[in-house]
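Protein chains in written order, with numbering that gives the first Met the number 0: chain A, 0 to 75; chain B, 0 to 75; chain C, 0 to 145; chain D, 0 to 145.
Just to be clear, a hint being listed does not mean it is correct.
Calculated pairs, DSBU-like style, for lysine-lysine (alpha carbon to alpha carbon, straight line, at most 35 Å) [what the hints assert, rightly or not]:
{"id": "1", "chain 1": "C", "residue 1": "Lys123", "chain 2": "A", "residue 2": "Lys4"}
{"id": "2", "chain 1": "C", "residue 1": "Lys1", "chain 2": "C", "residue 2": "Lys123"}
{"id": "3", "chain 1": "B", "residue 1": "Lys39", "chain 2": "D", "residue 2": "Lys1"}
{"id": "4", "chain 1": "A", "residue 1": "Lys39", "chain 2": "C", "residue 2": "Lys123"}
{"id": "5", "chain 1": "B", "residue 1": "Lys39", "chain 2": "D", "residue 2": "Lys123"}
{"id": "6", "chain 1": "D", "residue 1": "Lys1", "chain 2": "D", "residue 2": "Lys123"}
{"id": "7", "chain 1": "D", "residue 1": "Lys123", "chain 2": "B", "residue 2": "Lys4"}
{"id": "8", "chain 1": "C", "residue 1": "Lys1", "chain 2": "D", "residue 2": "Lys1"}
{"id": "9", "chain 1": "B", "residue 1": "Lys4", "chain 2": "B", "residue 2": "Lys39"}
{"id": "10", "chain 1": "A", "residue 1": "Lys39", "chain 2": "C", "residue 2": "Lys1"}
{"id": "11", "chain 1": "A", "residue 1": "Lys4", "chain 2": "A", "residue 2": "Lys39"}
Treat the hints as calculated values from the structure; they're not laboratory data.
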Amino acid sequence: MIYVKYFASLRDRLGRAEDQLDTHSDLTVAGVWAALWPDKPLPPNTLAAVNMEYAELTQSVRDGDEVAFFPPVTGG
Amino acid sequence: MIYVKYFASLRDRLGRAEDQLDTHSDLTVAGVWAALWPDKPLPPNTLAAVNMEYAELTQSVRDGDEVAFFPPVTGG
Amino acid sequence: MKVELRPRPFDPLLELGCYQAGLDERLPGQCGATAIFIGAMRDFNEGEAVRGMTLEHYPGMTERYLQQIVEAASRQWPLLDGLIIHRVGELQPNDPIVLVAVWSEHRAAAFAACRFIMEELKSKAPFWKREDTADGSRWVEHNTPA
Amino acid sequence: MKVELRPRPFDPLLELGCYQAGLDERLPGQCGATAIFIGAMRDFNEGEAVRGMTLEHYPGMTERYLQQIVEAASRQWPLLDGLIIHRVGELQPNDPIVLVAVWSEHRAAAFAACRFIMEELKSKAPFWKREDTADGSRWVEHNTPA
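When you get a sec, could you build the whole thing from the sequences and use the hints?
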């Protein structure tokens, strides 16, 4: 199982805060998105993290990983 | 009358904190020093102020002015 | 080095005072230079009055990322200590958002590290602001670069 | 903009708190960014233990020069306010020497102005340090550049 989280404006646009993806194929971060949202291209500037570390869209994801998608950050 | 002040290590070396110079000639800052200390060249790196504003050694000094000589500053 | 998220309003100077008291015990006479930044909520942004703000974060990743920032600063400069406190949740105008403090023997390291931490935090730490204006609420889309 | 010399120990955070309270009245919701520097006396300098220090100044010129520095900063950056407090007289290790605080709407101006004020103060404001070591007292000959 892959645990997926969405934050901030992206969560609001998608209308959900998390997903679970039950897959046994080898996926990249971009592949996780495509599997969950086949009709919705990843919005430009979206950032991704795997297990709470920033990740490229080409990074591999393993079973049990937590993948997060979120818009540009605006703290401080 | 020209009122002269010395600060910090320069004052300690000269053994005095101030002087008065009664002169009617046109003097520069360097000339004030030379009039008071004819045998002592101005120590290198000495800074000067006229009426509490930094001044070049070539700046003219008038009757009533306050002239100060001091070493490099070390505040903060 | 300490990193904290606060769901309730905090007083940056009080926090600094408490932290400094501990430092005075641990490192008496060593901290020649302290550089501090406090960011607070303004009541105006991008031409509109802002009544309130919600600061969202990514629990777990945000704390970890702030910790990584202070560690990166410690590798680049000779720091004696560092502190980041950042608000999350609902804020009102004038509320402190972030406190960054850095202690070093000399000022150049303290200034540079404090600035570095703020720029890293602003550009990469996972926080998101939603502002409440007269027209409803809006997500802030990006931070201004330094 | 306020500039003060203090012949007695002062508490930088208490001073900041008092000044900030006035600002919250005058400019509520405007000060998004505060950059602060605190310089304190270390107990070690140039390889020797330092027991105490005397800070001499040029009464009249020093205050005037500090005022000129904050005014120069205000011309270069959009500042909402600025504060310099500097000790004079006899200090002990750990005593605060200088507090510089700058308030602005945005962080870039606050950071740059705070740094500018400290560098100007260190390189040009008429103060002189004499340190007391085990071998007697010695004048500090120059400040380290930034």
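Results for each hint:
1. C:Lys123 x A:Lys4: Roughly 18 Å separates the two Cα atoms, so the pair holds.
2. C:Lys1 x C:Lys123: OK: Lys1 of chain C and Lys123 of chain C at ~18 Å, within 35 Å.
3. B:Lys39 x D:Lys1: At roughly 41 Å apart (the allowed maximum being 35 Å), Lys1 of chain D and Lys39 of chain B break the hint.
4. A:Lys39 x C:Lys123: 25 Å, holds
5. B:Lys39 x D:Lys123: Measuring from Cα to Cα gives roughly 25 Å; hence the hint holds.
6. D:Lys1 x D:Lys123: 18 Å, holds
7. D:Lys123 x B:Lys4: 18 Å, holds
8. C:Lys1 x D:Lys1: With a Cα-Cα distance of about 32 Å, the restraint between Lys1 of chain C and Lys1 of chain D holds, given a limit of 35 Å.
9. B:Lys4 x B:Lys39: With Cα atoms ~16 Å apart, Lys4 of chain B and Lys39 of chain B stay inside 35 Å; holds.
10. A:Lys39 x C:Lys1: 41 Å, violated
11. A:Lys4 x A:Lys39: Roughly 16 Å separates the two Cα atoms, so the pair holds.
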